[in-house]
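One-letter residues, chain by chain:
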Amino acid sequence: MECNYELKDGTLRICVPRELDHHLATQLRQETDLLIEAYRVRKLIFDFSGTEFMDSSGIGVLIGRCKSMSYSGGEVIAENLNERVQKIFVVSGLHKIIKIHTKEEDCQ
Amino acid sequence: MEKRNEMRVEFDSRSVNEGFARVAVAAFIAELNPTMDELADVKTAVSEAVTNAIIHGYEEEIGKVRLSCTIEEDRIEIVVEDTGRGIADVEQAKIPFFTTKPELERSGMGFAFMEAFMDEVEVESAPGKGTTVKMRKQIGRKDD
Chain A
-16 MECNYELKDG TLRICVPREL DHHLATQLRQ ETDLLIEAYR VRKLIFDFSG TEFMDSSGIG
44 VLIGRCKSMS YSGGEVIAEN LNERVQKIFV VSGLHKIIKI HTKEEDCQ
Chain B
1047 MEKRNEMRVE FDSRSVNEGF ARVAVAAFIA ELNPTMDELA DVKTAVSEAV TNAIIHGYEE
1107 EIGKVRLSCT IEEDRIEIVV EDTGRGIADV EQAKIPFFTT KPELERSGMG FAFMEAFMDE
1167 VEVESAPGKG TTVKMRKQIG RKDD
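Chains as they are written, first to last, in the working numbering: chain A, -16 to 91; chain B, 1047 to 1190.
A couple of the hints might just be wrong.
Said to hold, decoys possible - Derived contacts from chain B toward chain A, CB cut-off under 7 Å, selection only: (1) E1064; (2) A1086; (3) V1125; (4) T1129; (5) Q1138; (6) E1151; (7) R1152; (8) A1162.
Just so you know, the hints here were simulated from the structure itself, not pulled from any lab data.
From a predicted model like this one, the values you see are computed outputs, not experimental measurements.
Glycine included, every Cβ here is placed at the ideal spot set by N, Cα and C.
If we strip away everything but chain B, and leave its shape as in the complex, we get (with noise of 0.2 Å):
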């Protein structure tokens, strides 16, 4: 039996919104029953997400950012999205420790964060057309 499910929101770019957005995402997956740490992780994942679009996708003006949650089976895929300033290099984005705002002393660990917490995260932008964000992962792995 297949089991599919999928919400989503869309949202001010506020920074309040950064508490809604991982809440909204971990009630959405309690039906897997995932451990804490899974929880966790997923929160975080989220938050680097949102918070990088809030930050840089949009910086002092307020736009929409897209959340969504897919459930398939044991999987989850969360798509962070907006419409904002986009990134010309996404590789260096990636970078630890690298960021275009040093002054806010962002850490620039945000997409390592994302990295480290999710399974797979793939990153499409492009300068003035904005950021998707999509990460993946499997809830209730054995081996963990």
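Chain A on its own, in the form it takes in the complex (with noise of 0.2 Å):
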């Protein structure tokens, strides 16, 4: 499976895979951690409109990103949130940390 990056003035928009489980989870850390340091990425953007399933996993990913973005003075967005991902931010309390934007923008 194919992780999906866009790099644009130190903004770092990732495409979360159609299931992010454990399983992603790992190559998504370690593919996002490598994009971050190579290009002093300041704002990073999980964009979810392609995603249908996600776990905790997924949780450890976003708020692993959101601590060293946070050392760094970066920022951290999450978009496109379909009703099942909102309820995993719900229960986990990932949106209290997190800055979720609403609006459309397509990236398949």
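Could you use the hints to bring the two separately framed chains together as a complex?
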């Protein structure tokens, strides 16, 4: 499975895979960290427009990136959450520590 | 008329099988006509239990994870079993954000998610003996 990334002016947009579980979380975490370091990313956008499933492994990835970005004074945003992903955010309390945008922007 | 149906699968503790496990259970309980939300709740809970077996039960080694699902009327029972390391303190493991693997960025939300998305969760475990997680849920509850 492939994760897609878009880099523009210090902003990294991550197109979160269709199913974000432990299996894909490992890959997503490694690739994201590599890009953040290599390109001095200041703003990280997790785009969930193509995501249908996420479990607590996904929460771990997001919390981890929030921590590392806050050390460097960067920003983390989650976008285009469907109802299910939103529920996972609320149950885990993630909606309190990460900024959520609802604007429609396709990244397929 | 009593409705009863049961399935059982066993698979290697490889992370690629997490997706297989949730889809297998989702397909099996489809005959109860669950709502999208119920289906997603069950898939999330299965994913959490199987991920725990893979990461914590067997750690780096490959062992067998057993998954079974029983339908009785409108109730399902899912059992996820491993014969791995086991959990010394189950109550501690259930505390939200508690994790023994912070270096892997585990959120510590696994059991909290299972409890949030299923009606009942029972955990039996002993160090060196493996872990059995039983989860129950009623499908198609009218007050939902």
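Okay, the hints, checked on the actual structure:
Here the hint on E1064 of chain B is kept, as its CB sits about 5 Å from the closest CB of chain A, short of 7 Å. Checking A1086 of chain B against chain A by beta carbon gives a least distance of about 5 Å; that is within 7 Å, so the hint holds. Here the hint on V1125 of chain B is broken, as its CB sits about 19 Å from the closest CB of chain A, past 7 Å. Interface hint status for T1129 of chain B: violated, as the beta-carbon distance to the closest one in chain A is roughly 20 Å, over 7 Å.
Nearest Cβ of chain A to the Cβ of Q1138 of chain B: about 17 Å, over the 7 Å cut. The hint is violated. About 4 Å separates the beta-carbon of E1151 of chain B from the nearest beta-carbon of chain A, less than 7 Å, and the hint is met. Taken as an interface hint, R1152 of chain B checks out: its beta carbon lies about 5 Å from the nearest beta carbon of chain A, inside 7 Å. Evaluation of the A1162 of chain B hint against chain A yields a held restraint, the C-beta minimum of about 5 Å falling below 7 Å.
Violation of the numbered hints given earlier is confined to hints 3, 4 and 5; the remaining hints are satisfied by the structure.
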